[in-house]
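S.K.: Residue numbers (my numbering), protein chains in the order written: chain A, 1 to 425; chain B, 1 to 82.
These aren't lab readings, by the way, just hints derived from the structure by calculation. This structure is a prediction, so every number in the text was calculated from the model and none was measured. One or more of the hints may lead you astray.
Claimed, not checked - Straight-line C-alpha distance at most 25 Å; calculated BS3-like pairs for lysine-lysine:
#1 B:K26 - A:K290
#2 A:K153 - B:K74
#3 A:K276 - B:K50
#4 A:K160 - B:K62
#5 A:K387 - B:K74
#6 A:K132 - B:K26
#7 A:K186 - B:K47
#8 A:K136 - B:K62
#9 A:K160 - B:K26
#10 A:K119 - A:K17
#11 B:K65 - B:K77
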Amino acid sequence: MNNEKYLKICELNNYIKSILDQDLFLNKVYLKGEISNFKNHTRGHLYFTLKDETSRLNAVMFLNNASKLTFEPEDGMNVLVEGRISAYPSQGSYQIYVDKMEPDGLGALYIEFEKLKKKLATEGLFNKEYKKEIPKYPNRIGVITASTGAAVKDIMSTIKRRYPLCEAILFPTLVQGRDAAPNIVKQIKRADSFGVDTIIVGRGGGSIEDLWAFNEEIVARAIFDCKTPIISAVGHEIDWTISDFVADLRAPTPTGAAEMAVPTVLDTLSMIDNYKIRLNRFVKNMVNTKFITLRNLKNSFVLKSPMSMYEIKEQKLDRLVDNITKDIKNILIAKDNEYKRLQMSYILQNPLNLIFDKKVKYDLLINTLKHVNPLGILEKGYSLVSKDNELLKDSREVKKEDEIKIKLYKGEIKAIVKETNYEQI
Amino acid sequence: MPEEGKRLKLEKTFENALQELEGIVKELESGNVELDTAIEKYTEAMKLVKFCNEKLNDATAKVNKILTEDNELKEFKTEEQD
Chain A
1 MNNEKYLKIC ELNNYIKSIL DQDLFLNKVY LKGEISNFKN HTRGHLYFTL KDETSRLNAV
61 MFLNNASKLT FEPEDGMNVL VEGRISAYPS QGSYQIYVDK MEPDGLGALY IEFEKLKKKL
121 ATEGLFNKEY KKEIPKYPNR IGVITASTGA AVKDIMSTIK RRYPLCEAIL FPTLVQGRDA
181 APNIVKQIKR ADSFGVDTII VGRGGGSIED LWAFNEEIVA RAIFDCKTPI ISAVGHEIDW
241 TISDFVADLR APTPTGAAEM AVPTVLDTLS MIDNYKIRLN RFVKNMVNTK FITLRNLKNS
301 FVLKSPMSMY EIKEQKLDRL VDNITKDIKN ILIAKDNEYK RLQMSYILQN PLNLIFDKKV
361 KYDLLINTLK HVNPLGILEK GYSLVSKDNE LLKDSREVKK EDEIKIKLYK GEIKAIVKET
421 NYEQI
Chain B
1 MPEEGKRLKL EKTFENALQE LEGIVKELES GNVELDTAIE KYTEAMKLVK FCNEKLNDAT
61 AKVNKILTED NELKEFKTEE QD
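Turn these sequences into a full structure, and let the hints guide you.
M.R.: This is the structure we're talking about:
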């Protein structure tokens with residue numbers, strides 16, 4: 001076979017590189033885009049990706065240019081860059097070598113983040129009063145994160161190392177990509193209904209895109225609606241996501257979350273020790289206090305000289321006897337005065353006046369009685385006419401030949417009616 | 001899972017014992033307890049101290065678990081342990 005016409009890869013790549021380097025337009029390009037996968041290499045060179053909605057381009061900015069930057073580039077930031085396009089032969093890729101870079105407003109993701117944060121804050125989802133207390137001595141912890149990677153390992157091993165009494169149950173979930181957010185929501189709901197004391201939800205570090213699921217509204221709301229206390233642990237100390245604001249507690253890292261979720265056996269033992277010390281000190285103090293009280297009582301004046309109690313009582317009794325004698329004397333004097341006053345009264349001095357008064361009243365009554373006695377009228381010559389023992393007041397009550405009775409002052413007359421005559425007087 | 005249930009009960013007892021212990025210490029320190037009651041409570045608290053210490057010292061590490069899509073609780077090992 002004729003090998004002459006086959007090129008080595010490096011030959012092709014170097015050829016392409018030379019083509020690109022010769023192109024005047026590519027020697028000076030101006031681009032705008034968003035930074036992602038930003039890495040600040042220890043030697044000071046910056047490596048990142050520039051992207052827009054559909055495309056991405058690798059970028060490198062060497063130390064001599066990077067040192068002139070007036071801002072801190074970070075993922076999600078929109079920037080304007082100036083540089084040249086060239087190939088990186090060993091990778092078979094082309095990239096931009098950035099000479100100058102400046103920020104171009106705020107990154108789209110950043111704007112979205114701020115918008116959602118503001119909205120949920122206004123609704124009160126971050127309010128302190130909704131933050132649930134994290135149980136101090138949990139029996140079971142639900143861990144919602146990817147089943148592979150450093151985060152799950154850190155969380156599980158930290159729990160086991162610190163507090164082996166606690167059971168850790170992993171609810172595996174996707175933590176990046178389009179399906180991550182609904183998956184996280186589903187696992188939060190599962191863990192909540194499964195019955196765990198605390199939930200840890202999170203993932204290890206990554207670019208702002210990698211962490212984005214934890215900035216999704218559905219995840220934030222699922223965390224808020226969860227009845228079990230939730231600790232969030234997304235990325236590193238410097239990464240703040242919406243989930244961190246909604247969670248009951250925010251941990252700086254996955255390991256930190258596990259440390260917040262469980263005590264250590266040693267701390268718990270020393271706390272129990274502390275209780276023991278306090279109990280012993282309490283009992284000692286209490287017995288001491290009671291002992292002192294008892295000694296004070298024993299030494300008290302009364303118990304030391306019991307007779308003094310009687311002396312006081314004796315004096316009191318004397319005073320009471322004195323008082324009562326005085327009181328009785330006063331009562332007798334008062335009664336005596338009243339008796340004397342009565343003796344001196346008018347009636348007792350003139351008893352006949354009382355009798356005279358009564359006699360006058362009696363005579364008056366007798367006279368009155370005389371006037372009203374119906375028989376008294378007969379004495380004056382009037383008489384009572386009756387028929388069948390009914391007194392007559394009208395001549396029409398009798399007919400001719402009726403027998404009537406006439407009562408006089410002294411005696412009665414029986415008579416026969418001869419004639420009646422009715423005439424109104 | 002009868003075994004599971006039994007173990008959970010024991011775990012609960014540890015937490016309750018700890019809470020009870022804390023409660024007694026605070027109650028005694030509030031100073032509103034009669035001497036006889038105090039001695040009783042002290043004795044009770046010391047039993048709880050012993051119980052909690054034993055529980056913590058004897059605790060064997062729990063196995064990490066994973067709840068699968070089929071709602072199965074399986075042992076979960078991280079790569080490091082494999």
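S.K.: Would the hint linking K65 (chain B) and K77 (chain B) be met if the CA-CA limit is 25 Å?
M.R.: holds (8 Å)
S.K.: Taking 25 Å as the top limit, are the C-alpha atoms of K186 (chain A) and K47 (chain B) close enough?
M.R.: Given that 25 Å is the threshold and the Cα spacing comes to 44 Å, the pair is violated.
S.K.: Measure nothing beyond the straight line between the CA atoms of K26 (chain B) and K290 (chain A); if it is 25 Å or shorter, mark the hint as holding.
M.R.: Given pair K26 (chain B), K290 (chain A) holds - Cα atoms ~20 Å apart, limit 25 Å.
S.K.: Are the Cα atoms of K136 (chain A) and K62 (chain B) separated by 25 Å or less?
M.R.: holds (18 Å)
S.K.: Holds or violated: K119 (chain A) and K17 (chain A), Cα atoms, limit 25 Å.
M.R.: violated (49 Å)
S.K.: Has the given pair, K160 (chain A) with K26 (chain B), been kept, meaning a C-alpha gap of at most 25 Å?
M.R.: violated (31 Å)
S.K.: Tell me if the straight-line CA distance from K160 (chain A) to K62 (chain B) falls inside 25 Å.
M.R.: Distance ~7 Å between K160 (chain A) and K62 (chain B) Cα, so the pair holds.
S.K.: Is K132 (chain A) within 25 Å of K26 (chain B), Cα to Cα?
M.R.: holds (24 Å)
S.K.: Between K153 (chain A) and K74 (chain B), is the straight-line Cα distance small enough, at 25 Å or below?
M.R.: holds (16 Å)
S.K.: Holds or violated: are the alpha carbons of K276 (chain A) and K50 (chain B) at most 25 Å from each other?
M.R.: holds (10 Å)
S.K.: So if I understand the rule, the pair passes when the alpha-carbon distance is 25 Å or less; does K387 (chain A) with K74 (chain B) pass?
M.R.: violated (132 Å)
Hints 5, 7, 9 and 10, counting from the list given before, are not met by this structure.
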